Amino acid sequence: MTVCNSGDLKLDAAVNSWLKHDKNPDTRKEVLDDISNSQWDKLRKTMLQRLKFGTAGLRGRMAAGYKCMNDVVVLQSAQGLCSYVKKISSQGPLHHGIVVGYDGRYNSKRFAELTAKVFVSASIPVHLFSAVCPTPLVSFATIMYKAAAGVMVTASHNPKEDNGYKVYWGNGSQIISPHDDNILEEILQCLDIPDDHWDISEIRAHELVTDCSEEVTTKYMEYIRNSLNDDILEQNRTAAIDTVYSAMHGVGHDYVVKAFRSANLKVPISVSQQENPDPDFPTVKFPNPEEVECLELSKKLAEEKGVRLVLVNDPDADRLAVAEHDLSSECWKVFTGNEMGTLLGWWLLRQYEASGDSTDVYVIASVVSSKMLKAIVKGKGEFVETLTGFKWMGNTSLLLLQQGKLPLFAFEEAIGYMCNHAVPDKDGVSAAVQVASLASHLYSKGSSLSQQLDDLYAEYGFHITLNSFFICHEPAIIQKIFRRIRNYHGLGQYPKKVGSCEIIYINDLTAGVKIPEDVIGEGHLRLHVRGDGHVPLQQRAECVRAHQRDRTEGQILHGTSLPSEQQEV
Numbered sequence: 055m056t057v058c059n060s061g062d063l064k065l066d067a068a069v070n071s072w073l074k075h076d077k078n079p080d081t082r083k084e085v086l087d088d089i090s091n092s093q094w095d096k097l098r099k100t101m102l103q104r105l106k107f108g109t110a111g112l113r114g115r116m117a118a119g120y121k122c123m124n125d126v127v128v129l130q131s132a133q134g135l136c137s138y139v140k141k142i143s144s145q146g147p148l149h150h151g152i153v154v155g156y157d158g159r160y161n162s163k164r165f166a167e168l169t170a171k172v173f174v175s176a177s178i179p180v181h182l183f184s185a186v187c188p189t190p191l192v193s194f195a196t197i198m199y200k201a202a203a204g205v206m207v208t209a210s211h212n213p214k215e216d217n218g219y220k221v222y223w224g225n226g227s228q229i230i231s232p233h234d235d236n237i238l239e240e241i242l243q244c245l246d247i248p249d250d251h252w253d254i255s256e257i258r259a260h261e262l263v264t265d266c267s268e269e270v271t272t273k274y275m276e277y278i279r280n281s282l283n284d285d286i287l288e289q290n291r292t293a294a295i296d297t298v299y300s301a302m303h304g305v306g307h308d309y310v311v312k313a314f315r316s317a318n319l320k321v322p323i324s325v326s327q328q329e330n331p332d333p334d335f336p337t338v339k340f341p342n343p344e345e346v347e348c349l350e351l352s353k354k355l356a357e358e359k360g361v362r363l364v365l366v367n368d369p370d371a372d373r374l375a376v377a378e379h380d381l382s383s384e385c386w387k388v389f390t391g392n393e394m395g396t397l398l399g400w401w402l403l404r405q406y407e408a409s410g411d412s413t414d415v416y417v418i419a420s421v422v423s424s425k426m427l428k429a430i431v432k433g434k435g436e437f438v439e440t441l442t443g444f445k446w447m448g449n450t451s452l453l454l455l456q457q458g459k460l461p462l463f464a465f466e467e468a469i470g471y472m473c474n475h476a477v478p479d480k481d482g483v484s485a486a487v488q489v490a491s492l493a494s495h496l497y498s499k500g501s502s503l504s505q506q507l508d509d510l511y512a513e514y515g516f517h518i519t520l521n522s523f524f525i526c527h528e529p530a531i532i533q534k535i536f537r538r539i540r541n542y543h544g545l546g547q548y549p550k551k552v553g554s555c556e557i558i559y560i561n562d563l564t565a566g567v568k569i570p571e572d573v574i575g576e577g578h579l580r581l582h583v584r585g586d587g588h589v590p591l592q593q594r595a596e597c598v599r600a601h602q603r604d605r606t607e608g609q610i611l612h613g614t615s616l617p618s619e620q621q622e623v
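Quick note: the sequence shown uses the numbering used here, first residue 55, plus one each step.
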């Protein structure tokens with residue numbers, strides 16, 4: 055029966071199709087209320103577009119509509135993924151099934167169980183976590199079980215109103231083209247939802263569903279221990295440094311505690327107010343550890359306990375924020391993703407050199423991340439850049455493995471680190487172990503993370519970065535800004551200056567325009583401009599290499615003084 059009569063035939067068809075499929079009383083009521091109140095503009099925004107796979111899978115506000123996260127979108131997405139997996143996977147991966155995990159957000163457990171129901175209805179086994187888990191464990195488990203795919207229900211550090219659907223391919227890395235586009239196409243062929251897919255009351259007892267939590271956690275902790283050599287394990291035991299840890303109301307606490315024990319590290323002091331999963335994230339406005347205010351409780355506890363090192367995961371424990379207290383100055387140093395990426399890359403390269411391994415070693419970073427590791431790894435290995443997002447870095451690491459090379463480390467400026475290719479994605483749990491092990495090593499020598507970073511600057515030159523944002527929530531305006539940049543002096547003619555700075559190098563990853571990088575010299579600036587679904591418009595400046603820190607920082611501040619978006623548009 056037709057319910058929506060807005061006068062817009064396309065909208066009416068979309069809304070009526072939705073109501074035909076949706077059996078969730080809450081989202082049905084939301085749509086019916088919008089119809090009753092003639093909220094046509096709202097319905098156009100939520101019904102006429104679908105969520106698409108971005109740099110971190112599907113993510114959106116939990117609400118009714120194809121543009122949001124809800125039961126209908128999850129079921130249709132699972133059906134499309136299931137159909138695609140059946141079409142292209144060999145019998146082996148299908149026999150091994152898929153892995154499904156979830157975080158502590160509202161509806162995450164339900165979305166995971168709906169996904170499991172779709173797959174078991176197609177006679178495909180499901181390894182389903184029985185409790186909340188870190189995102190990297192789904193990547194790890196997908197490889198461990200040789201599964202066809204993995205699904206993690208999470209919105210990571212997004213606001214509490216959001217949720218998401220992250221898909222791993224059988225190689226344990228996030229899906230990239232053509233899989234993402236093909237899955238979306240398959241979803242559009244699988245919009246009808248069988249009635250039995252809604253019934254998840256007995257899903258845990260289904261013969262094709264296996265609780266994988268204990269087995270995966272045990273194997274993961276073995277991997278954590280095996281990632282450290284005997285000298286580091288002994289050093290961790292004898293140094294016994296104290297750390298303060300926060301799970302940011304997420305899933306990391308129990309796993310980080312177990313990982314520290316596996317690595318002979320002293321169990322961290324937990325920020326009790328943020329220790330357990332809480333979908334409301336009550337102590338923070340925005341559960342993103344990149345935001346300095348999210349570290350305040352951790353720093354306060356550390357000061358009370360006389361602890362130098364603070365580690366903070368985001369709610370799904372795939373990223374890590376690090377802060378260090380200078381006991382003499384009483385000041386805190388909160389490390390950027392680039393700074394910690396530099397330290398971790400140096401630390402892992404040091405371990406690699408000590409191992410005597412002769413495998414060709416590679417360090418990977420996204421194009422918007424610092425190039426300091428390129429200088430550090432020179433003569434010892436190779437530095438590789440990828441597009442923004444760990445889905446590109448993870449798949450690049452696996453490609454290198456297939457070529458007989460060793461992807462030692464990958465990082466992005468947004469505090470994401472891959473410290474071992476056993477998890478070809480960012481992993482905040484293993485990163486916490488490596489940072490604590492590095493701190494144990496440095497503290498036992500009378501040094502610190504900050505001092506080691508300064509030592510690296512002294513040896514390789516300062517590589518200083520500064521991020522800034524223009525907030526713009528209209529994709530059309532963002533597209534207009536980038537069109538103007540690409541056609542600034544006429545069709546295909548890029549700007550020649552930014553302020554008073556001459557532009558000598560352009561790399562437009564979208565348009566495929568690139569000027570050879572060897573024109574970049576010491577003291578020059580790199581300026582990155584990008585826009586996406588989570589960072590509407592971001593600019594980042596990096597001084598390539600300089601030996602005077604004050605001068606370097608001044609150059610960066612000058613380089614990021616761009617005209618406002620209103621002037622540009």
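Simulated from the structure, these hints should not be mistaken for lab results.
It is possible that some hints are incorrect.
What the hints assert, rightly or not - Pairs of lysine-lysine, DSS-like flavour, derived with a Cα cap of 27 Å: (1) Lys163 <-> Lys320; (2) Lys339 <-> Lys353; (3) Lys141 <-> Lys64; (4) Lys214 <-> Lys273; (5) Lys83 <-> Lys106; (6) Lys99 <-> Lys83.
Note that the structure is a prediction, hence the values are computed from the model and not measured.
Hint check: Lys99 vs Lys83, CA-CA at most 27 Å. Holds or violated? holds, 17 Å
So if I understand the rule, the pair passes when the alpha-carbon distance is 27 Å or less; does Lys214 with Lys273 pass? The given pair, whose Cα atoms are some 31 Å apart, is violated under the 27 Å limit.
Pairwise hint evaluation, Lys106 against Lys83, where the allowed Cα distance is 27 Å at most: OK: Lys83 and Lys106 at ~25 Å, within 27 Å.
Quick one, are Lys339 and Lys353 close enough, alpha carbons at most 27 Å? Measuring from Cα to Cα gives roughly 17 Å; hence the hint holds.
Are Lys163 and Lys320 close enough, with their CA atoms no more than 27 Å apart? violated, 32 Å
Proposed proximity, Lys64 with Lys141 (alpha carbon, max 27 Å): violated, 31 Å
The structure does not agree with the numbered hints 1, 3, 4 stated previously, though it agrees with the rest.
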